[in-house]
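Undergrad: The task is simple: from the sequences and hints, build the whole structure.
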Amino acid sequence: MLKRGFSIMLIFTLMLGFIAVPMDKPNAAEPVTLKVGWTAEADSISPFIAYSISATEIFKLIYDPLVAFDNELNPVGRLAKSWQVSDDNLTWTFTLQEGVKWHDGEAFTAKDVKFTYELLQESGLGLYAGSLDGVTSIETPDDFTVVIKTDEPKANMLQMTTPILPEHIWKDIKMEELETWPNESPVGTGAFKFVENKAGEYIKLEKNDDYFYKKANVDNLLLILYANTDTMVQSLKIGEIDAAINLGAHHVKMLEKEADFDVVSTATHGFTELSINTWKDAKSKGNPLLKIKEVRQAMSYAIDKEKLINIAYGGQAAAGSTLIPPSLDFWHYKPTDEELRTYNPEKAKELLESAGFADQDGNGIREDEEGNELNFRFMVRSETSEEVRAGEMIASMFEEVGIGTKVEAVDDGLLGDRVYDNADFDLFIWGWGTDADPTTILNVMASDQIGSLSDSYYSNEEYDQLLDQQAKIIDQNERQKVVHEMQKILYDEAPYIILLYDNAIQAVNKTKWEGWKKVEGVYFFSFNHENYLDVKPVTAKEEPATDSGKSDAKGSAGEEKEESNSSSAPVILAVIAAAVILMGILIYRKKKKGISIDDDM
Amino acid sequence: MDKMYLVKKLYQAFVTIILVLIINFFLFRVMPGNPLSMIMRNPNASAEAIAKVKQLFGIDQPIYVQLWIYFKQLVQGDLGLSFMYKQPVIDVIAEKLIPTLLLVGVSTIIAIIAGVLIGIFAASRQGKKVDAFSLAFSLITYSMPTFWLGIMLIIFFSSTLNLFPTSGMVTAGKVFGNSLDHAIDVSKHLVLPALTLSLVLIGQFVLIMRNSLLEVLTEDYITTAKAKGFSEKLIMKRHALPNAMLPMVTIIAINLGFMIAGAIQIETVFSWPGLGRLMYEALNNRDYPLLQGIFLIVSVCVVLANLCADIIYGYLDPRINKKT
Numbered sequence: 001m002l003k004r005g006f007s008i009m010l011i012f013t014l015m016l017g018f019i020a021v022p023m024d025k026p027n028a029a030e031p032v033t034l035k036v037g038w039t040a041e042a043d044s045i046s047p048f049i050a051y052s053i054s055a056t057e058i059f060k061l062i063y064d065p066l067v068a069f070d071n072e073l074n075p076v077g078r079l080a081k082s083w084q085v086s087d088d089n090l091t092w093t094f095t096l097q098e099g100v101k102w103h104d105g106e107a108f109t110a111k112d113v114k115f116t117y118e119l120l121q122e123s124g125l126g127l128y129a130g131s132l133d134g135v136t137s138i139e140t141p142d143d144f145t146v147v148i149k150t151d152e153p154k155a156n157m158l159q160m161t162t163p164i165l166p167e168h169i170w171k172d173i174k175m176e177e178l179e180t181w182p183n184e185s186p187v188g189t190g191a192f193k194f195v196e197n198k199a200g201e202y203i204k205l206e207k208n209d210d211y212f213y214k215k216a217n218v219d220n221l222l223l224i225l226y227a228n229t230d231t232m233v234q235s236l237k238i239g240e241i242d243a244a245i246n247l248g249a250h251h252v253k254m255l256e257k258e259a260d261f262d263v264v265s266t267a268t269h270g271f272t273e274l275s276i277n278t279w280k281d282a283k284s285k286g287n288p289l290l291k292i293k294e295v296r297q298a299m300s301y302a303i304d305k306e307k308l309i310n311i312a313y314g315g316q317a318a319a320g321s322t323l324i325p326p327s328l329d330f331w332h333y334k335p336t337d338e339e340l341r342t343y344n345p346e347k348a349k350e351l352l353e354s355a356g357f358a359d360q361d362g363n364g365i366r367e368d369e370e371g372n373e374l375n376f377r378f379m380v381r382s383e384t385s386e387e388v389r390a391g392e393m394i395a396s397m398f399e400e401v402g403i404g405t406k407v408e409a410v411d412d413g414l415l416g417d418r419v420y421d422n423a424d425f426d427l428f429i430w431g432w433g434t435d436a437d438p439t440t441i442l443n444v445m446a447s448d449q450i451g452s453l454s455d456s457y458y459s460n461e462e463y464d465q466l467l468d469q470q471a472k473i474i475d476q477n478e479r480q481k482v483v484h485e486m487q488k489i490l491y492d493e494a495p496y497i498i499l500l501y502d503n504a505i506q507a508v509n510k511t512k513w514e515g516w517k518k519v520e521g522v523y524f525f526s527f528n529h530e531n532y533l534d535v536k537p538v539t540a541k542e543e544p545a546t547d548s549g550k551s552d553a554k555g556s557a558g559e560e561k562e563e564s565n566s567s568s569a570p571v572i573l574a575v576i577a578a579a580v581i582l583m584g585i586l587i588y589r590k591k592k593k594g595i596s597i598d599d600d601m
Numbered sequence: 001m002d003k004m005y006l007v008k009k010l011y012q013a014f015v016t017i018i019l020v021l022i023i024n025f026f027l028f029r030v031m032p033g034n035p036l037s038m039i040m041r042n043p044n045a046s047a048e049a050i051a052k053v054k055q056l057f058g059i060d061q062p063i064y065v066q067l068w069i070y071f072k073q074l075v076q077g078d079l080g081l082s083f084m085y086k087q088p089v090i091d092v093i094a095e096k097l098i099p100t101l102l103l104v105g106v107s108t109i110i111a112i113i114a115g116v117l118i119g120i121f122a123a124s125r126q127g128k129k130v131d132a133f134s135l136a137f138s139l140i141t142y143s144m145p146t147f148w149l150g151i152m153l154i155i156f157f158s159s160t161l162n163l164f165p166t167s168g169m170v171t172a173g174k175v176f177g178n179s180l181d182h183a184i185d186v187s188k189h190l191v192l193p194a195l196t197l198s199l200v201l202i203g204q205f206v207l208i209m210r211n212s213l214l215e216v217l218t219e220d221y222i223t224t225a226k227a228k229g230f231s232e233k234l235i236m237k238r239h240a241l242p243n244a245m246l247p248m249v250t251i252i253a254i255n256l257g258f259m260i261a262g263a264i265q266i267e268t269v270f271s272w273p274g275l276g277r278l279m280y281e282a283l284n285n286r287d288y289p290l291l292q293g294i295f296l297i298v299s300v301c302v303v304l305a306n307l308c309a310d311i312i313y314g315y316l317d318p319r320i321n322k323k324t
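Heads up: the sequence lines are chains A and B, in that order. Each step along the first sequence adds one to the number in my numbering, with nothing skipped, and position 21 is 21. Each step along the second sequence adds one to the number in my numbering, with nothing skipped, and position 143 is 143.
There may be inaccurate statements among the hints.
To be verified - Simulated crosslink set (DSSO-like; lysine-lysine; CA at most 30 Å straight-line): (1) B:Lys188 - A:Lys510; (2) B:Lys86 - A:Lys174; (3) B:Lys72 - B:Lys54; (4) A:Lys214 - A:Lys174; (5) A:Lys198 - B:Lys188.
Source of the hints: derived by calculation from the structure; they are not laboratory data.
TA: Here's what the structure looks like:
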């Protein structure tokens, strides 16, 4: 038995040898494929179901909006060639590109735009429905003109990245099916055609040769899902992938040392906040002491954001202040030195003292005269180790100024339930991502969003009025002033303590690929898809082009890791041999039990 | 084999599965977290839209009606609609079951063969260097953090030696000319995860095999056999091993069931598209139908593995049959 065991092992080792050896063989005829590793799969590829940021990245590649963003975030025409707005700012006329074809060959017309917008409005489903607020009618006088009327001036008309969908496909989907229709093979007008989506593995797209805007330099685009970022980094290092998104803080130093890669760690359009229950309604299940502004402000003085970032986030984030991240520098309001509340525990104590909170019973927690302690429930999300650590650190920082907390790590589902169950919470840490247009994120703090988007139950009439006002100001400079004013109010009132602006950590291989361009500091998940179109393999310098006609972008650079088929024969033999031997052994063992042969060991 | 024995075991297995189904049904529903908020992440959804979705996923009914519907559908082979994927649960699971079975199957076979061999090897040379070495090897691999071991193997075999791909089950996006190329590609991707899982599993097999064999070797009938003048090898093979294998069968049966779902760490390190990761995701998203489906599969696997063990027992140890 021992001997046989060894022969099995020997065969197994041999098999490994055959499988392992021939890995690399560049093949110039292979298509050029850009492989990008990421860690968060799109929740759906239907614009009516998806809510994840990963999904929007895919929509950008497959579909086109009427108006897109250029690298400086200015609106530029995409499916719309040009547009004009009436003097009363209520009627928008878009002139569309002619001759645009859907991926299945059908012609794109104004009817598709009308259909998409109306379907989104009617169903109210998905990420994009909200951006159509205020649109009252859509008309198509001819195939290439869309007239959109609004009841009030619509400031974000040109900042809607809503993907335009083909009517001839979606018209067959019934309204009640929209929530579940998976859109398994999306058809768009975009730069890439959909090839396949292997859930849990990868999404494959191919270049749209008829793309009207700008053709991609790569033939195929693969978005490969990694369940683990450490593995993704190894994969990037050995060239299995060409770029990696969603890396961890500890990968930055590691990759900076390598000459082949360019690693970026830049603030994204998102933030992580400490959300405070400020609900004034009697139904609130939160601690009423949090309605006191001074308590909230004292909390923000008590938090050492720099320390938090350095320890819990590996230094890869920027200290937070106001609602709109500084990466959207036009909209971001930078508090003046007077307004800014930096780490100052003494100031925190002073504020609490003056608000009537002192530690009378000597248990380390301050209370007011009636004995109500500054003792709060504090939820952190168990899925994110950074946030759990941040929660623990904040708890101890609060302790120093006499605020007690009970930290509880919960999952997203439970956190959501508590928040929406009549505000059954005091404090929690979570985050938001923002659009290029400020309305969506500003909307989170609106009074009428209580029970909906609002998760601090903040309510302020002045703020609400400004919110309405800014949505109607077409002059963006005028609008900016209002948006700044709103952030100033929020910062002072502190329903959120914006802890930090999260960094996106991404790396690209710059030896194999050229043309990488950052938009707002990042390569991927930016507001446009230019990068996917511009990047191309570095053309090999040593190899003189054999065929001048073919010496274009289609070099061998991107395809080094494709296996060749020449190694098949020995492997087939080994596999078959192993299988036969294994079967033989099994049958032999079975027989022997019955017949009882003597020792053969 | 005694027919009654088999029938009884089958009956027990069936009852167990039914009980597990009922417990699972309620277990997930007492978990905190509202599935509706996960199905419809649209805070602006209208009351009609919410009602429609509730109806579609059957969560508008009282819970006992839901249980009844669940069983009715189950009999028809319908596991319901996944909240998260908005697709039939059976399709979602089927896609992930094969990768898991492949990974767990291959690793277990390797681990069993290697574990039993090393165990015998160690036991028959008790107290010698080989024995000490096998013991050390088993204890080290057994207690090694799976995650860390996986990453180390990736760094060594993929990054340094460039022998195997780091992750995934196939080369992403590759179009295969024939199924053989496909099989080869999958085998390449399988090597590292299977190696990791085998290494993690081998330890306990070696330890149990060794201990059980040592115990048997001290029995009187072994001494008798020795006194009769049989060769060491024959005693080992005919007298000692069959008895020593009994605990092994138990441990293998227990393991098989758990490994189906328990390969989460390996699947995560190697981005293997298996059931373990799916379960984790389903749990996070309160996807009751999917969770129920996965638990059903896992329960059936555990019960079947135990049933197999019972049958093999009867085969290895004729006394068991007669007792019934």
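Undergrad: So which of those numbered hints doesn't the model satisfy?
TA: 4
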